[in-house]
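Per this note's numbering, the sequence shown starts with residue 1, numbered consecutively.
Keep in mind that the hints were calculated from the coordinates and are not lab data. Treat the hints with care, as some may be off.
Derived CB-CB ranges, DEER-like [said to hold, decoys possible]: (1) E6 x V59: 16 to 26 Å; (2) F208 x S180: 16 to 26 Å; (3) E53 x A114: 27 to 37 Å; (4) A214 x K26: 21 to 31 Å; (5) G68 x A114: 34 to 44 Å; (6) C242 x P190: 30 to 40 Å; (7) V59 x G84: 34 to 44 Å; (8) W253 x G128: 37 to 47 Å.
Here a beta-carbon is modelled for each residue, glycine too, at the ideal position from N, C-alpha and C.
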Amino acid sequence: MTDAVEVAIVASAFGADAVRTAGHRKWAEASRRAGATGFEVRRELFGDEADAEPACLAVLGKQIAELGLWSVYSTPASLYAGDGQLDAAALRRAVDEATALGARFVKLQLGGFADRAHGDAIAAQLHGANVRLVVENGQLTQGGSLHQFVGLFDGLQREGHADLLGMTFDVGNWAWCGVSALDAAVALAPYVEYVHCKIAAGEGARRFAAAPAADDVRFAAVLDRLPRRVPRGIEFPLDPACIDDDATRRVAWLAAA
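From just these sequences and the hints, can you work out the full model?
Right under this line is the structure:
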């Protein structure tokens with residue numbers, strides 16, 4: 001029998017308004033009831049900027065840990081600015097906030113990576129931090145191209161920082177950038193440490209995130225190409241009419257898929 005995979009639920013799966021209104025703790029509790037092992041905190045879903053203060057994050061982190069869950073701290077900030085330079089201030093802020101939360105991962109968007117990885121500067125920002133940095137492929141061309149991610153990991157290796165950071169592979173986001181998720185999985189699998197699970201439904205401006213069907217062979221093919229040892233995050237919308245039952249069913253499915 002194949003070992004079960006760790007599954008986290010991303011806060012946004014419960015609905016942005018619901019998280020902003022009730023706070024992250026309520027949905028961390030729902031994630032635990034559903035059988036998840038992790039919970040992803042989304043900075044953009046805090047109801048108040050004060051929620052990102054270290055003391056508040058420490059309280060939330062303790063609450064999540066007391067539920068028996070590990071956490072991901074996700075920020076919409078980008079690792080690289082539009083000119084390709086490292087955004088050291090954004091990285092420092094994200095690492096400090098994730099550390100206060102006690103997160104396993106701190107997740108940023110890739111942003112405007114061009115050719116230099118700036119590995120020494122990233123290493124300096126991460127020095128002494130007990131959190132793993134992962135960068136995610138986004139829905140915009142800048143920060144969502146396969147070429148950029150291949151270039152990033154090649155650049156880190158050239159600079160002697162091959163293991164400095166990992167990748168959050170968002171299966172659905174590649175569609176916004178016209179990239180085959182399977183092609184991306186083949187190229188980037190060695191660097192993937194966390195998987196965001198969703199598909200893209202619709203077309204063009206009407207494209208939206210959706211849950212993969214249990215018999216979606218294209219989604220299954222992507223998962224098969226990615227390392228099974230890494231956790232998977234539910235980022236698609238859960239059914240608000242039966243949210244506990246839906247979350248429980250989806251966690252069990254992804255853990256075994």
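Here is how each hint holds up against the structure:
In this structure the hint that E6 and V59 lie 16 to 26 Å apart at CB holds, the actual value being about 24 Å. A hinted range of 16 to 26 Å for the beta carbons of F208 and S180 is consistent with their spacing of about 19 Å. The hinted window of 27 to 37 Å between E53 and A114 holds, with their beta carbons roughly 34 Å apart. Here the CB-CB span from A214 to K26 is close to 28 Å, well matched to the stated 21 to 31 Å.
The given range of 34 to 44 Å is respected by G68 and A114, whose C-beta atoms sit roughly 42 Å from each other. Judged by the Cβ atoms, the range 30 to 40 Å given for C242 and P190 holds: they are separated by roughly 38 Å. The hinted range of 34 to 44 Å is satisfied by V59 and G84, whose Cβ atoms lie roughly 37 Å apart. Look at W253 against G128: about 39 Å separates their beta carbons, and that is inside 37 to 47 Å.
The structure fails none of the hints (numbered hints given earlier).
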